[in-house]
Each structure stands twice: as C-alpha cells, then as structure tokens.
Amino acid sequence: MLIHILRYKFLSYIKTTFDRRLVTIVRGVGSLFVFGGFAYAAYYFASEATRFMLDHTRTGLYLFHTFISMMLFVFFIAVNLGNVIVSYSTLYRSMEVSFLLTKPISFTSIFVLKFLDNFFYSSTTLFLGAFMMLLGYGNYFGYPLYYLAGVMLFVLVPFMFLSACLAVLILMAIMKLAGRIGFRKVIAGLFMIYFFFIYIFFDSSNPMRLVERLNRFFPNMDTYLIQSTPEFLRYLPNQWVAEFLYYSARGEMMNALPYAAILLFVTAAAFSVCLYVAHRFYYRSWLVSLHVRPTVQAHTDPARKHFFDFRSQSSFSSQIEVLLKKEVLTFFREASQWIHLVVMIILTILFSVSVSNLNLRSHVFDMHLITYLVLFAFGGFMVGSLALRFVFPLIGLEGQAFWTLRTSPIKESKIFLVKFFMGFLIVFILAEYIAISSNIPFIKIIEKKPLLLWFGIFSAFWISLTTVALNLGFGGYFANYFERNPIRAASTQGATLTFLITIIYLIVLVVLVFVPISAYFTAVFRFQYFPMKLIVLPGALIAVFSYLLSTFGFITGLRSMRRDF
Amino acid sequence: MIELKNVTKRFGNFTAVDNLSLTIPQGEFFGFLGPNGAGKTTTIKMIVGLFTPTSGDIIVNGYDILTHPIEAKQSIGYVPDIPFLYEKLTGREFFYFIGGLFRIPKTLLHDRIAELIDHFEIGSWVDKRTEDYSQGMKQRTTIAAALLHHPKTIIIDEPMIGLDPRSAKIVRETLRLQSKNGVSILMSTHSLSFAEELCDRFGIINNGRLVWCDTREQLQIHKARYDGKFESVFLEMTKQ
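Keeping their order, the protein sequence lines are chains W and U.
Terminal number for the first sequence in our numbering: 565, no gaps in between.
Terminal number for the second sequence in our numbering: 1240, no gaps in between.
Some clues are possibly wrong.
As the list claims (entries may be wrong) - Derived pair list, reagent style DSSO-like, types lysine-lysine, alpha-carbon separation capped at 30 Å: (1) U:K1106 - W:K411; (2) U:K1128 - W:K414; (3) W:K176 - U:K1128; (4) U:K1223 - U:K1239; (5) U:K1106 - W:K414; (6) U:K1180 - U:K1106; (7) U:K1128 - U:K1180; (8) U:K1152 - U:K1180; (9) W:K533 - W:K449; (10) W:K185 - U:K1180; (11) U:K1152 - U:K1138; (12) W:K305 - U:K1088; (13) W:K414 - U:K1180; (14) W:K185 - U:K1128.
Calculated directly from the structure, the hints in this document are not laboratory data.
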C-alpha cells in the first residue's frame, strides 16, 4: 500500500516538475545555475576552510573535529526544531492526511508516508549543502568520491534522519500533553528544555575556553583534547559523526567504524520507536489535534474589543486599515507563524548578545578584518533567512481567499505595499539590532569611533529593503495559492532559488566592503588617516545595487499580482 | 449593466471563451447556463477582474474592467463558486474587512453588517472563525459580504451549493429582491429549475460559445417544441 501511494506521489511530482512548458524549462535552467552556484560555493568554502584551519592556523586534527562537532550539534538542533514545526503541519494539518484516513490504510502507513514526505521535501537543500561540504572537506584529505558518497549515505543521512525521528517523537509527546495541559504551556516548556540543553552543551564545550586551555598544552593538543572531552558529549550523535571523521582522517578505520555503527543502530532504533509510537498513538493524537487550539479561543466575544479590532476607528484610510489588521490577525492566529517568529527573535537576540560581548583584545589586523566580514555576512544571512521565512510566503498565503482582494476596488500596488511594509518592519528592526550589536566589539577596540557603526546601520537598511523586496516579489511570482502551510511555502524550489539569489547578493556586498574595511583597519592600527571617500564609494555602490534589485523585486511582485487567479 | 464585446480567453492552445458578446441591462436577472467546462466560470472571472481577456472588451456599469478596474469593481458584488474565506478571521471580521476595502464609512458599516447578519440569520456563529464554518455557512457569509456595499451588479457563481433548504430560500428571496430593486444579476448555475424560477433571460454557453440566449417568454416557446421541460432544451442546445 505504501509503495502504491509513494508511486503516485512520485509520478505527480515528476509531472509537475518536468512539464514541457517554456516557463518551467527556463525556471528549471535558472534553478540549475543557482543551485550549481550554491553547491560549488559550499564545496569551495568547506575545502578552503579545512585548508585554512589545518594548514594556516595549524589547528590540531582533533580540535578541528571538535569544531565540526559543534557545528553538527547546531545543525542537529536546527533540523530537529525545523522538523517539529513542519511535522505539525504535515502530520496534523494536512488535507492529504484527512483524505487518507478515510481510506483502508493503516495509521502507521500514513505516518510513514507523511514523515518521509516531510523529511525529504524539506531537507533537499540541506542534503545538497551537506554533501558539497563533505566533498570540500574530503578534498583536503584526498578521499575518493565513492568513500564520500558512502559517508553521506551511512553517516550524514542517518544523522539527519535521527534528528527528524526525535522531532516527530517530541511532536507526538507535545500533542499528547497539549490535550491535557494546553498547547501554550507545552510549547513554553519545550522552549525551556531546548534552551537548557543548548546552554549545557555550549557551557561544557565553550569554544573560547577550549582555545584558551589548549594554549597551555601546545603542541600536545590532540592528546589533551581526547582525554578532556566531557563524558556526556560522547553520547551525542554529533560527536559520533565528528569522531568517525576524525579517526577516518587518521586512517584508523577500525576506530572510526564503531561510531558509524552506533549511529546507524541508534537511528534504526529511533525509527522503530517512532513506528511503534505512531502505531499506538498517531491516530489518537491526530484526533486530539482537532480539539487543541494553538492560539486564543476561536470564538471571539463580540462585546470585547482588542487593539486590532476591525470595529475600532483608525487614522489610516479604510483600505490600508483593514489590510493591516487582516495581516496582523491572520499572522498571530496561526501557531506556526508566531511560534517561529518567537524562535527567530530569540535566536537573533542570542546571536546579537554573544556577538556584542565578543572580546577582540588582540590588535591583529587579519583577525579584525575576517571577524568583521564574517559577522557582516552572517548578519546578512540571518536577515535573508528572516525574509525568506516570513516575507516570501506573504502573497501565497492569501490562498484561495485572494479572490476577495482581487475583486475589490483596490490597487494591487496598495496590497503589495502593505505586505511590503509589514515584512520590512520586522526584518528592518531585527537587521538594525544585529548590525548595531555586531559593531559593538569593533567600537570598543577602535576607541569608540562610530564610522563602522554608521556603515552597519546604513548597510542593514539596504539589506533589509532588498531582501524583503526580493522575497515578496519572488514569493508572488512563485506563489502556490493551494499551499496553506507557511513553512512549506518557504521551503519550495522557488523559495530556495530566492534564498540563493539573496546569498549571491550578500557575497557581492562582502566583496564591495572588503577593500574599504581592510583599509579602515589598516588605518586604525597604523594610526594613519582614513579618507572617507574610500567608504563612501562602496556605500553608494551598495545603495545603487540594492535599489536596482529591490526595484526588480517590486516589479516582479506587482506583475505577479496581476496574473490570472 | 454588463457588456461583453467579442470576448475571447485562451489558455495556451485551449480556447475557453470564444468571441463572446453579451449585454445584461440594468435590473435584469440573467441566468448563465452550460455544462461543466463550458466557460461559465472563466467568463465570470473575466468580468470581475480575476482573469484578463485575451481579446475583447468588458464594460461594467460604464467602466472598462481593464482600464478602470477600481471604478468597475466598486459597483460589483461577486460571489465565487467556492466560498473561500480567510480562515483565521471570524465572519464579522470578514464583513468589516470587505467593508473597509469598499470604503464604506464605519458608522454605516456597523448598521449594514447588523442588518445582513439578521437577514441571513447568521448571528449565532458569525463571531466564530470561518475555519469552523460548514460549506453552507461560508456560502451565506460570502453572499452577505457581496451585498455590503449595495452593488449595482451582482455576479454570482453557483449560489446554491451547500445550502440547506432554509438558507436556499433566504438566498432566493434576497436575489429576487435585489433584482426588483434594479440590480443587474448574472447568475451561473447548474440548477435549471432555480434559474427558471428567478431569471428574466437565459444564456447557454457550450465550448466557450454562446449557443442560445433568449427571454423567459421565448424559453416557454422552446420548451413547447420539446417535452415541455427546460432540461430537454438545455440538452439539445449543448449536444456535442
């Protein structure tokens, strides 16, 4: 039965993906170029980073793999959290599940179907990125391709699969508990557990403290590290992957293979537990989900007015007023929207607080330049992620109810602008917060000269404007009005393409700021004069380039809103 | 008043509406009939601005829907075939939302919404979110919303889907009253008896072409030629 359904799902996917219309072919070729670029960039980055760490900075092999373990931990948590949120929609809110439940199919089969759908659909780009990073890493060590394919298949995919299995188990536990104590309490509790776990992990494997301690053991760093790895870290899957890679790099396959075996065994066990729990509980939890209200009561008291009540008077024109109120209410009444926004805001705050406390004591020119560029790019990446998740789906989420706007006496540009400002407001505030926080360490070190801070604020404005305009415009162009799940809408092929364009835009910005920032740090550390024109010209180029891209986003979005509906 | 002049709509190689010309004067109740896939919904979607015609002109109450969409839409009340609503809004919020889009002043809107809630007997669930509505509840909400701004023209696609007998009666009487008050109505339906009961004139569309268009009196003559049933006329006109 499962194979039968999967066959038709696959056929349907093939037919919709590979139709012979010119627009689909052009879109496919465009995607191929952008995905190709992304894949090559991931490969190049991993290859150069490995080379830099092991050859240039002479980081020991074990220390390097300890850093990989930390990155894998973050990756594991990201995949896990993402799957908890996406699985809620695919397992409990999907029309397909409602349809399949009326057919003679076992609940476990439906569960497996949606679980696989969820895992493979939302992880395609992650698979590509992970494999290309692995290729880049393997390039340094001269591994053959078949070996890396094996590592991908038997180590990295099970690693991600384990994360997804745990996510689904957590979700089913949430549903069970939510039926008893309420959705909000469960979500709050879950957040606390996640933060506690992340805190414990980074507290015991604090990278700064690690590097400081290591200096005392130089050059016997690996011996020290192997002995001093905290015991509990050895039970984490990210550590198994890192240890597997470490021993493989040393050519000690007999030491490496047990880690792969543990990972495969634990993943298989976790999946078996998932199947057992799904067999016992999935249908019951699905029934519970019908009654669990993730937000405030669905029946509004007509006598009580809230801040965004449609009946209240407003200083905006009536059209703008109702559009704004509709956007706010529909956003905050959708659990997957506000929960994800809260998560993103907390992550942004965590990032910004950590970055603002960064201690750049040493006056090493290279270190300041690289740190600045990494923070600039990463800040842009976070802004791009925010725009992708919350702005890209804005037009598509109008759904089939979009007829109400399209048949009303309102200009499409007004609808577009309201959506733009809603998205821009959130993204801009967070972008400025990130920009200011990530410039604080540099202000401290360069005796409170605020030039970099102003440049950061200026760049954050243009990055926000461009990413929001691009995501809204492309979100309109690729809009699927049948998709009601915002997370799935933000992980479609069109969304990925938009995100990759955003990445290319950010790379261009990094290239533009490289020379002036380099000159600035040189001037600061050598007590030389820094001519302002060196930063004004790249700033102007950033403004012009961003303005052109934003206009392109606006035009694409507006034209998409005038298409047949 | 609605005027369609040589309107054609193509989707790739497929012609959904083929050189359609039609005039519905003010106050007329026009029944738009045809088999599945004949082009009814496509025509309606072009009139309300959801589709752009490949060629031809569409004038609604003196305004071209392509060149003056805002003015044209201001005078239309549209009810789609499937009443999709914003699921996270309540019925009452949806009314205020639509009222705001049509720039109805708040003071008038409060009274108008109360009047329509009363008329359509939806007071017991209008403050629930529309995600909890049945098909009939959604249909009644959509029809009520279309009447909020006192439109000069009503375009209604399959109004009876999902309605229980009581709701169907309310909708029937509402449409009849609107027509009496001089509102022109274009109604697409598969229910021949319903169309025959309400409409002043009928048009049958098949394969994108208007194959028959005549008044209630002429329909009686046509029916007499067959077995006295509208169904027989319809089947003959839409024979492949």
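U:K1180 and U:K1106: Cα distance at most 30 Å?
It holds: about 28 Å lies between the C-alpha atoms, which stays within 30 Å.
Compare the distance between the alpha carbons of W:K185 and U:K1180 with 30 Å, and conclude whether the hinted pair is satisfied.
Distance ~56 Å between W:K185 and U:K1180 Cα, so the pair is violated.
W:K533 and W:K449 were given as a pair; does the straight-line alpha-carbon distance stay at or below 30 Å?
holds (17 Å)
Hint consistency between W:K305 and U:K1088 [alpha-carbon to alpha-carbon, up to 30 Å]
Holds. W:K305 to U:K1088 sits at ~17 Å (cutoff 30 Å).
Is the hinted pair W:K185 and U:K1128 satisfied, with a Cα-Cα distance of at most 30 Å?
Holds, at roughly 24 Å.
Between the alpha carbons of U:K1106 and W:K411, is the straight-line distance 30 Å or under?
holds (21 Å)
Does U:K1128 pair with U:K1180 here, judged by a C-alpha cut-off of 30 Å?
Outside the cut-off at roughly 33 Å; violated.
Need the status of pair U:K1128, W:K414: alpha-carbon distance at most 30 Å?
holds (29 Å)
Just to be careful, I want the Cα atoms of U:K1152 and U:K1138 compared with a cutoff of 30 Å; is the pair within it?
Status holds; Cα separation ~23 Å.
Is the Cα-Cα distance between U:K1152 and U:K1180 30 Å or less?
Measuring from Cα to Cα gives roughly 12 Å; hence the hint holds.
Quickly compare the C-alpha distance for W:K414 and U:K1180 to 30 Å and report which way the hint goes.
violated (36 Å)
Straight-line alpha-carbon gap U:K1106 to W:K414, limit 30 Å:
Holds. U:K1106 to W:K414 sits at ~20 Å (cutoff 30 Å).
Hint compliance for this structure: hints 7, 10 and 13 are not met, and every other hint is.
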